[in-house]
Structure formats: structure tokens, C-alpha cells
Amino acid sequence: MSEKPLKPVPNVQGIYNVLFTGPIPPVLRERFLRAWELIQQDYSDGEIAALEHATATCPDLEALELVCRKSGRLRILTDLVRMMAVLAETMPSHTRFFIASDCSKPKAVLSLVFGFVRTLTKFIFGLFLKRHVAH
Amino acid sequence: MLHISAEITIVGSGAAGVAAALRFADHRIKCLVLDVGFEAPRNSFPSENLYALRSKNDVFWLMVGPNLERIRKLTKSANPVPAKLAAPHFDFVTRDATRLSPVEAHNFAPVQSFACGGLANAWGAGLYRYTSRDLSGFPIGAVELQKYYDRLDEEIGISGTADDLASFFGDGGFTQPPLRLSRKAHYLLEGYELRRTRLNQLGMFMGRPRLGVLSEPKNGRTACNYSNLEFWVPRIPWIYVPSMTLERLSKAGAITYVNQVLVKSWTHLGDWIELNIQHCGSGTVGSIRTRFLLLAAGAIGSAKLALASRQDYHTSLSLLDNPTLQFPLFLPRFLGSPLEVDCFGLTQLNVVYDVAIGQAPLQGSILEVTSPARSEFLSAIPLAAKDSLTCIRYLVPSMLVLQLFLPGTQATAARLSLSPAGRVVISGKENRADGEIVALVGRTLRKLGAITHRRLVIAPPSGHGLHYAGTLPMANTPQSFYQCNKYCELHGQQRVFVVDGSVFPYLPAKNYSYTVMANAMRVADHVANLLQRC
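For the record, the sequence lines run as chains H and L.
Following this note's numbering from start to finish, the first sequence increments by one per residue and tops out at 141.
Following this note's numbering from start to finish, the second sequence increments by one per residue and tops out at 544.
Derived from the structure by calculation, the hints contain no laboratory data.
Keep in mind the model is a prediction, meaning the values are calculated, not measured.
Virtual Cβ for every residue (Gly too), placed ideally from N, Cα, C.
A couple of the hints might just be wrong.
As the list claims (entries may be wrong) - Distance condition first, Cα-Cα at most 30 Å in a straight line; then the derived DSSO-like pairs of lysine-lysine:
(1) Lys439(L) / Lys76(H)
(2) Lys113(H) / Lys66(L)
(3) Lys136(H) / Lys396(L)
(4) Lys83(L) / Lys13(H)
(5) Lys113(H) / Lys439(L)
(6) Lys76(H) / Lys83(L)
(7) Lys439(L) / Lys261(L)
(8) Lys111(H) / Lys439(L)
(9) Lys76(H) / Lys274(L)
(10) Lys76(H) / Lys396(L)
Stated by the list, open to error - Listed next, the stretches of chain H that the computed footprint assigns to chain L, with coverage defined by at least 3 CB atoms under 8 Å from CB atoms of chain L:
(11) 13-23
(12) 57-64
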């Protein structure tokens with residue numbers, strides 16, 4: 007492990023749950039923290055504090071990430087969610103989230119329509135959650 | 011410290027340098043090839059299908075890298091690179107580039123390589139002949155390059171076929187059958203063949219790519235096994251990269267290859283040219299004396315050497331690149347289809363838009379989406395995170411990507427200069443999507459059952475075409491110290507030749523790699539003649 011002082015560790019479980027349900031596998035947590043150590047220097051103390059505040063207080067990080075992505079705020083949360091996806095994809099236990107094993111046109115259409123509707127509700131809910139973003 | 015003499019020295023081991031070395035070897039002339047030369051990792055890589063592998067195994071080491079190489083490339087502070095160069099085991103291609111050649115860039119995202127084999131290590135191996143029309147702004151013609159293309163066909167193994175693109179790419183030179191198309195690409199091509207007349211009237215032509223990718227075994231290299239490993243495994247046997255030829259020539263004793271050497275500048279000393287070099291490992295300086303010097307360090311690298319050798323911190327040179335546009339294509343016919351895991355993961359088809367007389371044609375490559383990581387698509391999907399994953403599962407398998415090249419002209423050129431501190435300074439122009447071109451592409455592809463939308467079109471940063479050219483252009487009568495004659499001899503610099511893309515005065519909207527290589531061989535022939543006369 008590096009000798010540099012680590013900036014505060016983000017809410018890894020919360021970030022994992024933006025994408026996936028359930029507890030984060032220990033291997034994935036460990037890899038995420040290694041990656042965090044690598045990239046933390048790209049973020050200011052203020053950005054990290056804003057992330058800490060958001061992950062500690064916000065009841066729906068997925069909704070918050072969506073609205074912040076649209077408005078360009080709390081960029082660090084979007085970046086960490088993407089980093090989580092990059093790392094999770096390498097594990098066979100998470101392949102099913104990225105590659106469908108059961109394919110048919112009706113299932114695809116229904117899933118996508120549901121996804122669009124779900125995103126819309128998340129977005130509306132997220133607008134109320136923006137107060138959890140400090141500044 | 012290193013002090014060597016050589017008759018002929020080539021600086022750079024990319025496509026141009028290797029092609030020149032190959033030609034000298036054909037003449038049984040042993041040249042010296044210098045480079046920094048970072049090598050591809052020699053790990054034991056898988057050969058089985060990517061998706062079969064990842065369904066059973068943790069592929070962290072393959073897709074992220076043991077030292078988190080892929081994460082490093084995705085950080086805010088990293089220089090943006092195209093997706094293939096972000097793959098962990100392609101890290102060697104751009105390793106230390108910003109340290110060895112610092113660049114201050116505005117509106118331009120340069121990508122440099124100090125690897126053995128250069129940027130070609132990560133190319134898509136699209137290898138296209140230039141026609142007379144493409145060369146209309148050049149002081150050389152297509153006939154002069156013919157025999158060099160033929161020689162390269164023999165060395166590399168080109169898969170493809172004569173089809174509607176023959177008038178744009180030439181109808182010969184295929185030493186191998188074309189690769190098998192993916193289902194979506196096959197569907198598009200069938201649709202094109204049914205509607206050919208109408209689409210040709212609209213200026214659209216479609217056909218198979220010409221690729222340095224083996225569909226059949228050749229010279230100990232295995233044929234493509236459709237495993238989708240192209241994004242992840244360097245020096246995959248079926249994709250030709252110039253370092254394969256370099257290695258072969260070096261093992262055969264046909265060239266002398268010296269790596270870990272950074273060339274800083276040159277000076278003329280009577281009949282000799284002295285290269286000022288630095289050893290990358292120890293940092294110590296030295297010199298190499300040569301009778302003939304061939305610059306193959308890439309348009310940025312060769313320009314830097316030319317400016318540094320004259321200690322010129324004022325002149326700015328044109329730097330061309332092909333601006334690109336990326337069109338995500340959605341094929342509703344394939345919605346709900348499983349991801350096609352056993353196909354070639356790169357270029358499936360080419361399209362050419364030849365719309366108006368007097369205007370240059372535009373070349374596009376239609377690429378499969380099966381080789382990149384699925385998470386790569388997350389940033390392009392505007393839905394909530396979990397719903398974006400739903401899109402990746404159910405929508406992305408029905409997609410392809412069209413990458414369209416536009417001509418690289420003075421109108422789109424960046425400017426390159428050298429600062430007294432030795433830093434390259436590049437000022438570029440923003441890459442923007444042309445509405446008419448976007449509309450034409452959308453209209454024609456819709457007829458084939460592929461849907462796109464202007465809001466989805468991506469204009470990558472200037473510099474991401476990776477077809478750098480034009481810094482030391484050929485001219486019939488060179489006027490400036492930064493122009494070359496038709497044999498690519500630098501004006502005012504006897505026996506200094508430029509063989510990379512620097513010499514192109516203009517960039518047609520077409521992959522230029524094959525023509526860079528053919529021209530490098532042509533120049534090598536000229537230098538061989540001069541040497542024999544000495």
C-alpha cells in the first residue's frame with residue numbers, strides 16, 4: 007500500500023448500490039479502494055467533502071447521480087460509479103449485469119420501456135434530492 | 011556512451027520506419043533502426059473467446075491490468091486517448107510519451123508513441139491504397155506506388171475482396187479472402203446490395219474493408235478466430251503490426267535495431283550527419299554518425315527533430331489530421347438479439363460517400379461493438395445507472411458504430427512549433443459535426459435499416475484521428491527548410507529524408523497508413539540508388 011495519506015474513503019457500499027443491489031463483494035471493495043488511492047489526487051478536498059456529505063445523507067444516490075450528471079455537479083460521484091462498473095465487469099459473478107443471457111424482442115422492449123420510465127421517476131425524485139449536494 | 015557509425019539510419023520503428031527497413035533489406039542493405047522502443051508485454055495471453063473466458067474467470071488482469079493501467083487512463087488528469095489505447099496491455103504504446111516529448115496542446119489531443127512499432131501497435135489494420143484522385147495534390151502519382159503496395163501485400167497478407175469500393179481502394183492486392191461478417195454487418199451489406207442503384211445515386215458506396223488481418227494462416231501466424239480479443243491482447247497473431255517485420259528482419263541480421271535511444275537533433279559534419287542522442291536508461295548522451303538519415307518518428311516527432319536541429323523556436327508548421335465523426339447506429343431488426351460473441355471485433359464494412367464532383371470522397375468504417383468493455387458504453391447512455399445497464403444488456407447488442415473520416419486540409423490543420431524549453435506547442439481547431447454530412451449519413455443508413463440521430467453523433471477531440479501528417483510536406487519545388495522534394499529529401503538538408511506522414515501535403519479522408527508505408531519504401535529505393543552511386 008502507498009505511504010501517501012489517503013483522502014477520506016468514499017461510501018463504497020453506497021456507490022456499489024447505485025449500480026447493483028446487495029452487499030459489495032470483498033474483492034471488488036478492495037480493488038475499488040486501490041483504484042481510489044490512485045485517482046484521489048484528481049479531486050479537491052471540497053469535492054471529496056461534497057461526496058461524503060451526499061453519500062451520508064442522501065436516501066437515493068442513484069437518483070442524485072442522475073440529476074447531478076445532467077447538471078454537471080458532483081462529477082466525482084459519476085466518475086466513481088463508472089469506475090465501479092469498470093471493476094465489477096471483470097468478475098464472472100457480475101457478467102449477468104452487462105450481458106443478457108435471456109434475449110427476446112418482447113423482453114428487450116419491455117425492459118427498455120421500464121428503464122426509461124424508471125429513469126424519469128428517478129430524475130423527478132432526484133430534483134428534490136439536490137439539496138444533499140453541498141453548495 | 012554510444013558512438014556508432016552507419017551508412018543509413020532510420021529514426022523510428024513505426025509503420026514508416028519498418029517499411030523503409032524492409033525495402034533496404036530487399037536490396038540487402040543493412041540499415042540501423044533507432045528508437046526508444048518500449049515493447050509489448052510478453053505475458054501468456056488467452057486465445058479463447060473473450061466471452062467464454064469472462065463467463066468463468068475473473069479477468070481483472072486482462073481488462074483493468076494488475077497495476078490498474080486502465081483506471082490510470084480514465085482519470086481526469088490523464089491525456090484522453092481512444093478506447094483501444096486505454097486497454098491495460100496496450101499501455102506500452104503510449105508509455106512515457108509525455109515525459110519523453112512534452113506537449114502543450116490547445117484544442118488538440120495529441121497521441122504519441124515511443125513503442126517498438128509505434129502507434130501501429132494499436133491500429134485497426136485498415137490498409138488502403140491511394141488512387142490517382144487521392145494523390146492529386148501530391149508531387150507523385152499512384153503508378154509510382156503500385157509496386158510498393160504489391161510488396162507490402164506480400165509481406166502483410168491483406169484480406170478483402172474486389173467489390174463496389176474497388177474504384178476507391180483499388181481492386182487488387184488481396185492475398186486472403188475477406189473475414190466473416192457479423193450478423194448485423196451482413197444484414198447491412200445485403201440491404202445495400204438490394205438498394206445499390208439508389209444509394210449510389212445518393213453518393214454512397216459500401217463494401218468489405220481491406221485489412222491486414224489474416225483470414226487464413228500465413229508464415230506461422232494463425233488466422234482470426236473471432237474471439238473478440240482485439241481490444242485486449244497486443245500482438246495478436248492475425249492482426250499485422252510492423253513490429254512483426256522488425257523482429258523478423260532483426261533476427262535474420264538484415265537490420266541493426268538499437269532501442270532505448272532518444273534522438274534529439276542532428277547536425278551535418280561534412281559528408282556525415284551526426285545524431286545527438288540520449289540513452290533512455292542511463293540518461294547519458296552520445297552520438298551516431300550516418301551518411302543517410304531517414305526520419306520516421308511520426309509527423310510530430312519528425313517536425314520536432316527538424317525544428318530542434320535548426321534551433322528554431324519561431325516557425326510554426328501545419329499539422330494535419332483526419333477529423334472524425336462517430337455515429338452510433340441502432341438496428342431495430344436486432345433488438346433483443348444476443349450479443350454476438352464470436353465475431354471480429356473491429357472493422358466490418360467500409361462506406362464511401364462520393365457526393366459531388368470536385369469534392370473529395372469520405373471514407374467510413376463500420377465497427378462492431380463486441381470487443382470493447384461493456385462499461386465503456388455507460389458514459390454514452392443518459393439514463394439512471396441501473397437502467398443504463400439495462401440498455402447495455404438489451405440495446406447495445408443491436409448496435410454498430412460508423413467512424414467517418416473527413417479530409418485533413420489547411421482549413422482544419424493545427425499549428426505546431428517548438429518552445430526554447432524543448433516543448434512542442436500545438437494549437438488546433440475544434441472538431442465539429444457538419445450538419446449536411448450528418449444528414450446524408452443518416453438518410454442513407456436509414457434505407458439499410460440502421461438508425462442514428464444528429465444528437466448522438468460524437469465529434470472526438472481534434473487529434474484523435476491519429477493520422478498525423480503535413481508538418482514537412484512534399485512539394486514539386488520546395489521553398490522552405492521544412493518542405494521536402496518529391497523524393498522526400500528535406501530542403502537544404504542533404505541526405506536527410508522524411509518517410510513518415512509528415513510529407514503528406516494533404517490528407518484524403520482515408521486511412522493513410524498503407525500509403526505512408528509504400529512511400530517510405532519508394533524513398534528507400536531512391537536512397538539505395540544514391541548509396542550505390544557513392
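>> Of all the hints numbered above, which does this structure not satisfy? Sort the numbers upward.
In response: 5, 7, 8, 9, 11 and 12
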